[in-house]
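From just these sequences and the hints, can you work out the full model?
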Amino acid sequence: MGLHGSPHDAPPAPWEGENDAAGMDDRTLLRHVIRTLDPRHADADVLADILLARFGSAGMVLSASPQDLDAVTGMYPMLSPLIAALREAALRLHRAYVRHGDALSGHRRIVDYLQAVMGHDSTEQFRVLFLDAAYRLVDDRVLGVGTVNQAPVYPREIMRHAMDLDARILILAHNHPSGDPMPSAADIQMTMHIEQIARVMGIRLHDHMVVGNGRSLSFRRAGLI
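For the sequence shown, full-length UniProt numbering gives the first residue as 1, with consecutive numbering after it.
Taking CB as the label site, the calculated pair distances span:
{"hint": "1", "residue 1": "Ala-133", "residue 2": "Arg-160", "range": "12 to 20 Å"}
{"hint": "2", "residue 1": "Thr-28", "residue 2": "Arg-160", "range": "44 to 52 Å"}
{"hint": "3", "residue 1": "His-107", "residue 2": "Ile-197", "range": "20 to 28 Å"}
{"hint": "4", "residue 1": "Asp-180", "residue 2": "Tyr-154", "range": "22 to 30 Å"}
{"hint": "5", "residue 1": "Asp-49", "residue 2": "Asp-132", "range": "44 to 52 Å"}
{"hint": "6", "residue 1": "Gly-202", "residue 2": "Met-24", "range": "46 to 54 Å"}
{"hint": "7", "residue 1": "Val-142", "residue 2": "Ile-50", "range": "27 to 35 Å"}
{"hint": "8", "residue 1": "Gln-189", "residue 2": "Arg-54", "range": "30 to 38 Å"}
Derived from the structure by calculation, the hints contain no laboratory data. Here a beta-carbon is modelled for each residue, glycine too, at the ideal position from N, C-alpha and C.
Structure representation (structure tokens):
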């Protein structure tokens, strides 16, 4: 045997024959993720099927809580923290895209970021993107976390943070755990209230995004603000 050993001794490359990740279906993508995270995993196909049956899509799997993942991958204890690390890496990539340059020119990037960071959460959260006068993202803060269908929103807190950050433009965002991004009457009323307060303080409310399980709605594009 030479220095590099026999080619038959090496395991097959986990991505062999699948060079276009964007073209993979969810099952194939999950199978490769599992094999990449744990090359010794012998049941990647079976586990991919189990995860899809439990969570519904690859996106839902990668954004699931560690507790929910452990319930499925309990016999493979290393997979849950590795998937969590993969999710955090993806979120940081999204944040980098959103923070780069003119945030308002990248509507699709903002939607993708919000979907990644809270689109699959089982409880509702309310967050605000604070932008400066040059449309650069200054900060992104969660300002309310609620039950399955309600998150408390305090306009005073939003304006206090905006003043502290010297923000001039706001983008509101919240998720609907049901997956339906259609805003409720309370969502619309709350948005109008915040817009009125912001205008008095010389701050512009640019949009309010509602996201849920791959679907989204922009108040601005829907003509609601």
